[in-house]
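**Q** Sequence:
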Amino acid sequence: MKILEEDLKKGWIKILVEDEDDLWILYNLLSPGDIVYGRTSREVKQGEGGSSRRVSMTLGLRVEKLEFQEFSDRLRVRGIVVEGPEEFGVKGHYHTINLSPGDVLVVFKEKWSASELEALRRSSVKRRRVMLVNIDHDEACIAMLTEQGVVQLSEAYGRLPGKMYASGYDGLLRNYLEEVFMLVSEYASREKVDAVIVAGPGDLKNTLADLIRSGLKSLPVYVDSTSIGGCSGLNELLRRDVVKKAVSELSIIRAREVFEVFKKLVVEQPERVAYGVEEAYCAALMSAVDRLVVVSDLIKSGDEGVRNRVLETLDKAFSSKADVWIIPGRSDVGVEVSGFGGIIAVLRYPLQSKTC
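Each residue of the sequence shown is one higher than the last, beginning at 1 in our numbering.
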């Protein structure tokens, strides 16, 4: 995401959407009552009883509803038109602006919170786009690591006979590796990949890594081990240090690190953690939060009391210089955090009481 212009005194920021992750961030950033200006099109009638035609125009909407499907390339912003061309009489009517990568929008808020500004700042920092390839002799899985989690792109199957029983084994293995390489090459170009991580059991991963290095010379290639190939081994790969090294700035990876620390402290030093909306809120009030992970579902909760409590917690955490990560509820780590009330905190110092 790129911040093109801003005037926080007047409450507006002009934004360029650069990729699908930006749409997810905007989905969490926008709230009912905000005003969004964007380029769109609308059916308008030509005179009384005349035919209608679709006209391109810039409209300002007061946001009422947001729709976003994870891993999609479209965010739907629905609301009442508050500003638009007078000749078309659209003011006061409902309209939906569809936002996609490449679109420019202006967002007005009555007040930008510390957590909202921090989310924008983070999203404006260039994120590395990293491909994951997990391979063994039976199958290979190719995926992208994003702010929303892991997106599986493609699979390939070895169907290799045992070495002892097939004279054509080497040729079949070569064909399998070449098929995987062609998929990696295709998706690396399409997804504008910055690096590739190749993993799996045994030596096959090293052979594939060498093939990628020789064929895609400008692309950094990292190698690590997993106990099983294919998509089944992706979760194991995400816990490896090589992934943390390659994409340490991604929220999904940092949140996993914090959650592992949290799980250990829950058992060994429970006074050093807080979880659930109320405990996290009270810890934030006392400036005790060092690291905070929040499932995005809470920010969009239909319960206004819960939603406001979570937003207050985020603001308090940011103002006390805590590290904060907002993650999708459907991601693997998001599901685990949801089991602790959707919000967890590692504390700077022990708290015997987490009520306020």
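It is worth saying that the hints were derived from the structure and are not from the lab.
One or more of the hints may lead you astray.
To be verified - Computed cross-link-like contacts, EDC-like style, restricted to lysine to aspartate or glutamate with a CA-CA straight-line distance of at most 16 Å:
no.: 1; residue 1: K245; residue 2: D224
no.: 2; residue 1: K10; residue 2: E43
no.: 3; residue 1: K192; residue 2: E312
no.: 4; residue 1: K2; residue 2: E18
no.: 5; residue 1: K109; residue 2: E186
no.: 6; residue 1: K321; residue 2: D34
no.: 7; residue 1: K263; residue 2: E155
no.: 8; residue 1: K109; residue 2: E43
no.: 9; residue 1: K300; residue 2: E86
no.: 10; residue 1: K65; residue 2: E312
no.: 11; residue 1: K65; residue 2: E336
no.: 12; residue 1: K192; residue 2: E179
no.: 13; residue 1: K2; residue 2: E186
no.: 14; residue 1: K244; residue 2: E271
no.: 15; residue 1: K245; residue 2: D194
no.: 16; residue 1: K263; residue 2: E336
no.: 17; residue 1: K217; residue 2: D241
no.: 18; residue 1: K45; residue 2: D7
no.: 19; residue 1: K10; residue 2: E110
no.: 20; residue 1: K111; residue 2: D224
no.: 21; residue 1: K300; residue 2: D290
no.: 22; residue 1: K65; residue 2: D34
no.: 23; residue 1: K192; residue 2: E86
no.: 24; residue 1: K2; residue 2: D19
no.: 25; residue 1: K321; residue 2: D290
no.: 26; residue 1: K244; residue 2: E257
no.: 27; residue 1: K111; residue 2: D34
no.: 28; residue 1: K109; residue 2: E236
no.: 29; residue 1: K45; residue 2: E87
no.: 30; residue 1: K264; residue 2: E336
no.: 31; residue 1: K111; residue 2: D315
no.: 32; residue 1: K14; residue 2: E87
no.: 33; residue 1: K217; residue 2: E257
no.: 34; residue 1: K111; residue 2: E191
no.: 35; residue 1: K244; residue 2: E186
What the hints assert, rightly or not - Label-pair ranges, simulated between beta-carbon atoms:
no.: 36; residue 1: T207; residue 2: V125; range: 47 to 53 Å
no.: 37; residue 1: V125; residue 2: S100; range: 17 to 23 Å
no.: 38; residue 1: R121; residue 2: R159; range: 46 to 52 Å
Quick caveat, the model's predicted, so the values are computed rather than measured.
Glycine residues also receive a C-beta, built at the ideal position from the N, C-alpha and C atoms.
**Q** For each hint, tell me whether it holds in the structure or not.
**A** The hints, checked one at a time:
For the given pair, K245 sits about 12 Å from D224 by alpha-carbon distance, which is consistent with the 16 Å threshold. Straight-line distance between C-alpha atoms of K10 and E43 comes to about 32 Å, which puts the hinted pair past the 16 Å bound. Using a Cα cut-off of 16 Å, the hinted pair K192 and E312 is violated, with the two alpha carbons roughly 37 Å apart. Pair hint K2 plus E18 holds up; C-alpha atoms about 7 Å apart against a cutoff of 16 Å.
The straight-line distance between the Cα atoms of K109 and E186 is roughly 41 Å, outside the 16 Å bound, and the hint therefore fails. Distance check on the hinted pair: K321 and D34 sit about 26 Å apart at the alpha-carbon level, beyond 16 Å; violated. This hinted pair does not check out: K263 and E155 have alpha carbons roughly 33 Å apart, beyond 16 Å. At most 16 Å may separate the alpha-carbon atoms for a hinted pair to count; K109 and E43 exceed this at roughly 28 Å.
For the suggested pair K300 and E86, the alpha carbons sit about 34 Å apart, so the restraint of at most 16 Å is broken. As the CA atoms of K65 and E312 are separated by approximately 22 Å, the hinted pair breaks the 16 Å bound. With a C-alpha separation of about 28 Å, the suggested pair K65 and E336 falls outside the 16 Å cut-off, and the hint is violated. About 20 Å separates the Cα atoms of K192 and E179, which puts this hinted pair outside 16 Å; it is violated.
Distance check on the hinted pair: K2 and E186 sit about 27 Å apart at the alpha-carbon level, beyond 16 Å; violated. Only pairs whose Cα atoms come within 16 Å are accepted, and K244 paired with E271 is rejected, the gap being roughly 28 Å. Between K245 and D194 the alpha-carbon distance is near 13 Å, which keeps this suggested pair within the 16 Å criterion. With a C-alpha separation of about 10 Å, the suggested pair K263 and E336 falls inside the 16 Å cut-off, and the hint holds.
Pair hint K217 plus D241 does not hold up; C-alpha atoms about 23 Å apart against a cutoff of 16 Å. For the suggested pair K45 and D7, the alpha carbons sit about 36 Å apart, so the restraint of at most 16 Å is broken. Between K10 and E110 the alpha-carbon distance is near 8 Å, which keeps this suggested pair within the 16 Å criterion. Our distance criterion of 16 Å between C-alpha atoms is broken by K111 and D224, whose separation comes to about 46 Å.
Distance check on the hinted pair: K300 and D290 sit about 24 Å apart at the alpha-carbon level, beyond 16 Å; violated. Distance restraint check for K65 and D34: the Cα-Cα separation of roughly 11 Å lies within the 16 Å cut-off, and the hinted pair is therefore satisfied. For a cut-off of 16 Å, the pair hint linking K192 to E86 is broken: about 42 Å separates their Cα positions. Restraint check: the Cα-Cα separation between K2 and D19 comes to about 10 Å, which is no more than 16 Å; the hinted pair holds.
Distance hint between K321 and D290 is fulfilled; the C-alpha atoms sit about 8 Å from each other, no more than 16 Å. For the suggested pair K244 and E257, the alpha carbons sit about 9 Å apart, so the restraint of at most 16 Å is met. The hinted pair formed by K111 and D34 meets the criterion: a straight-line CA distance of about 10 Å does not exceed 16 Å. Restraint check: the Cα-Cα separation between K109 and E236 comes to about 41 Å, which exceeds 16 Å; the hinted pair is violated.
In summary, the hint linking K45 to E87 is supported, as the alpha carbons are separated by about 11 Å, within the 16 Å threshold. A hinted pair counts as satisfied when its Cα atoms are at most 16 Å apart, and K264 with E336 qualifies at roughly 14 Å. The suggested pairing of K111 with D315 holds, with an alpha-carbon distance near 12 Å, which does not exceed 16 Å. For the proposed pair K14 and E87, the alpha carbon gap of about 26 Å is over 16 Å, so the pair is violated.
Between K217 and E257 the CA atoms are separated by roughly 31 Å; this puts the pair beyond 16 Å, and the hint is violated. Between the alpha carbons of K111 and E191 the distance comes to roughly 36 Å, so the proposed pair goes past 16 Å and is violated. Proximity of K244 to E186 is assessed by CA-CA distance (about 25 Å); at most 16 Å being required, the pair is judged violated. Between T207 and V125 the beta carbons are some 35 Å apart, a value that contradicts the proposed interval 47 to 53 Å.
About 21 Å separates the C-beta atoms of V125 and S100, a value consistent with the hinted range of 17 to 23 Å. Our hint of 46 to 52 Å for R121 and R159 holds, since their Cβ atoms are close to 49 Å apart.
Hints 2, 3, 5, 6, 7, 8, 9, 10, 11, 12, 13, 14, 17, 18, 20, 21, 23, 28, 32, 33, 34, 35 and 36 from the list above are not met by this structure, while the remaining hints are.
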